[in-house]
Amino acid sequence: MKSKKIKLIMFEEQFGLGGIETFITNVLSCINREKFDVRLVTINKATD
Numbered sequence: 339m340k341s342k343k344i345k346l347i348m349f350e351e352q353f354g355l356g357g358i359e360t361f362i363t364n365v366l367s368c369i370n371r372e373k374f375d376v377r378l379v380t381i382n383k384a385t386d
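Residue numbering for the sequence shown follows our numbering, starting at 339 and increasing by one per position.
Quick caveat, the hints were computed from the structure, so don't treat them as lab data.
With a straight-line Cα cutoff of 20 Å, these simulated SDA-like cross-link-like pairs (lysine to any residue) come out:
| # | residue 1 | residue 2 |
| --- | --- | --- |
| 1 | LYS343 | LYS373 |
| 2 | LYS343 | ILE369 |
| 3 | LYS342 | PHE374 |
| 4 | LYS342 | LEU366 |
| 5 | LYS373 | MET348 |
| 6 | LYS343 | ARG377 |
| 7 | LYS343 | GLU372 |
| 8 | LYS340 | PHE374 |
| 9 | LYS340 | ASN370 |
Work out the full structure, taking the sequences as your base and the hints as a guide.
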């Protein structure tokens, strides 16, 4: 039997080039996609 993925959602007010954005990018690039179903939600559009 196939196990269900753990659902993970991350909220960020706006996605720019700051510290938390770098952290989120690093986490999302390293996370096991076979184990986790990850979503990133931003409230405002991206900034420079």
